[in-house]
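There are 2 protein chains.
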Amino acid sequence: MAIIIDGKKTSEDIRLEIKEKVNKIKEQGGKIPHLAAILVGNDGASETYVNFKVKDCEQVGFKSTLKRFKNTISEKELLNEVEAINNDPDIDGLIVQLPIPDHISVQKVTDMIKPEKDVDGFHPINVGRMAKSLPSYISATPYGILLLIERYKIETSGKHCVIIGRSDIVGSPMSILLSRKAYPGNCTVTLCHSRTKSIKEMTLQGDIIIAALGRPEFLTGDMVKEGAVVIDVGITRVPDPTKKSGFALRGDVKYDEVAPKCSYITPVPGGVGPMTRASLLLNTLLAAEKSIYK
Amino acid sequence: MAIIIDGKKTSEDIRLEIKEKVNKIKEQGGKIPHLAAILVGNDGASETYVNFKVKDCEQVGFKSTLKRFKNTISEKELLNEVEAINNDPDIDGLIVQLPIPDHISVQKVTDMIKPEKDVDGFHPINVGRMAKSLPSYISATPYGILLLIERYKIETSGKHCVIIGRSDIVGSPMSILLSRKAYPGNCTVTLCHSRTKSIKEMTLQGDIIIAALGRPEFLTGDMVKEGAVVIDVGITRVPDPTKKSGFALRGDVKYDEVAPKCSYITPVPGGVGPMTRASLLLNTLLAAEKSIYK
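Chains as they are written, first to last, in the numbering used here: chain A, 1 to 294; chain B, 1 to 294.
Just so you know, these hints were derived from the structure itself, not from any lab.
Only true hints are included.
Note: identical chains are not told apart, hence a pair may lie in one copy or across any two.
Here are the simulated DSSO-like pairs of lysine-lysine, each with C-alpha atoms no more than 30 Å apart in a straight line:
1. Lys290 <-> Lys153
2. Lys108 <-> Lys290
3. Lys132 <-> Lys290
4. Lys132 <-> Lys70
5. Lys76 <-> Lys132
6. Lys181 <-> Lys108
Full structure from sequences and hints, please.
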């Protein structure tokens, strides 16, 4: 039977550990970690996400600053706001909640964030440092996956890891991270995507499979070998009239078919999802401790 | 029979094209591309390499500046020299010939080079921009391989590319580049290395194989399927009493066995090797044209 990787529990463990560290910092009169978030406009989902992040900070004892701007803010004004936070010595980490309005370049905003404060790990310097195996902020989802592998002591060295999906925020960085000479890492990594001829041919070889393509229940039982570790990054709302909300959440993995074949599997919800928020808190702590950039 | 990819001829074609472009720039009174190279110490191989690069510049009509320093130069002094070149508006590209003495941090020196002038493509910003599919300088060997694939119009989309070796300068960037949504690219990429359990099992699946591990004649005929494209990045001196020099150059591919099975193959010498110098010239031209960083 598969061991079900409990992302909810793991993320709560991590929050508790962070909280204890913050308490120690407070006792010693040190500087309290401080996360700033920029939110532009009134997108409902974005508001929810940012509010969670602010609450997460409160819960572990971080300071947080939420800067809200109207949809009409100009690119230049927003860049100036980023610059002001870059220069604010009390703020350790800065995230800009995406999406931002079309008239503002995501790349320009990302590039403007001081790498030392880029706790989302999206700045090219942090991506490049990751690829060069230098200390860097690792973005929330990949970092969350690494933490799950670590906490469940899953062997990765020499394993064949098959990743489905080459997005900038999950598939591509995971392929870099798991190839590195490190733990978790030292995998033989195969990165599959929309142009891959036979994804099934690849996944059947996978000792570890990371499904991150965003297609509900894509990975079926016949695509997975016995004993595989399956990490499900997908989370899609599908209509479900039996639910009060009218929808259900589905991962990229057909859980009922795949789970019986696995050694480890992450559920959806409650697997990778909750880890992303814990990762952001960890990165903010790393920023406050100046662990990445000395 | 395999088509032999002629890197010598291709690199000469590219040099001619660059020379023509420089002639046009001169006619129009534009700014002549200018490469600066820093060489520390008296390592024989390094001197040879740098001298080639300077000669290459002369040949295509670039300006070049060679700055030589003694082995005793301090880290701070070297960083100041880099800074001076960063601030010199006439110099478009800067390379620091490696290795440098142990008392100087390669990372610090690399990080100090202005990304806009980093024509070796080693700065984390350029690596990160590459990983994010943003315009970037691609380092010489990977760029040379892409150019060969392009010039020989080798189909890459949907192909399974198996890379052996995860070095920062070849294997790892190649895995990123050939996974991208681009041409050359859109490959399903498998990155193998010293921890891979069965490299042969992987290479037998490869439509394209890139051997970049630095072990002479590692890839043998039984590891390659019929019709594969084989790119040999290795170049190792092995003793050879029949040669006047006392040594011969060997690639990572056992050419006599592998070539008959291939659709395309690069020889050693005369395959990837000559392309790296052409790549550096192209990057310097891109720098002068401000094509990467607008």
